[in-house]
Amino acid sequence: DTAVSQTPKYLVTQMGNDKSIKCEQNLGHDTMYWYKQDSKKFLKIMFSYNNKELIINETVPNRFSPKSPDKAHLNLHINSLELGDSAVYFCASSQGARGGGYTFGSGTRLTVV
Amino acid sequence: SQQGEEDPQALSIQEGENATMNCSYKTSINNLQWYRQNSGRGLVHLILIRSNEREKHSGRLRVTLDTSKKSSSLLITASRAADTASYFCAPLNRDDKIIFGKGTRLHILP
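In order, the protein sequence lines correspond to chains A and B.
Residue 1 is where the first sequence starts when you use our numbering, and the numbers rise one by one after that.
Residue 1 is where the second sequence starts when you use our numbering, and the numbers rise one by one after that.
Check the hints yourself; a few may be wrong.
Below, computed lysine-lysine pairings styled on DSS-like, alpha-carbon distance capped at 25 Å [unchecked claim]:
1) A:Lys9 with A:Lys52
2) A:Lys44 with B:Lys70
3) B:Lys102 with A:Lys9
The set of hints was computed from the structure by calculation and includes no laboratory data.
Please model the entire structure based on the sequences and the hints provided.
As structure tokens, then:
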């Protein structure tokens, strides 16, 4: 069973559209994250979320919003997509209070045309 | 949260040789983690070393931590083609979120 799964794996869409990327973890972790990896391979944290707190990286445009229906899911919704949003988006989870390692999903490659 | 700085930025070695990469950080930590990213794939957690540990082994990996110098090293022994990847360190305090640096790009030559 995949520990952290993201769907879709690839997403090609036009500018201006709204899209969502789904993430699910079956590890029982209490904290989930979204990271963005740009064309220069630099990984940036976008959000971290547990059932108590959402922490948003202040550089993330408010067109991006995380939605968590339950502690096993953290979906990423993006409004009014722009060309610069093209990147690989990674979901991750960890047992935050224990300070353990993160488990990453395999990524969603988003291409905005 | 703080970002680790990996050094060197890129490293090419012959298959079978050992590879060493280093990480420096600025403020005190609870633990330091190393991750690997193969091209186009998600990151994989390799090893975690706590601030009260000096050395840790996992298979062909050896990690050291020197809290007085605020530095860590990752040694991969007897390198293989499959070790070709980018390696990232993550110095963390409790409740910190990982902020990744640029990593070390390791290339194993046949």
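Checked hints:
A C-alpha spacing of about 29 Å is found between Lys9 (chain A) and Lys52 (chain A), which places the hinted pair above 25 Å, so the restraint is violated. Taking the CA atoms of Lys44 (chain A) and Lys70 (chain B), the gap is about 23 Å. The hint holds against a cut of 25 Å. Between Lys102 (chain B) and Lys9 (chain A), the direct Cα distance comes to roughly 24 Å. Compliance with the 25 Å bound is thereby established for this hinted pair.
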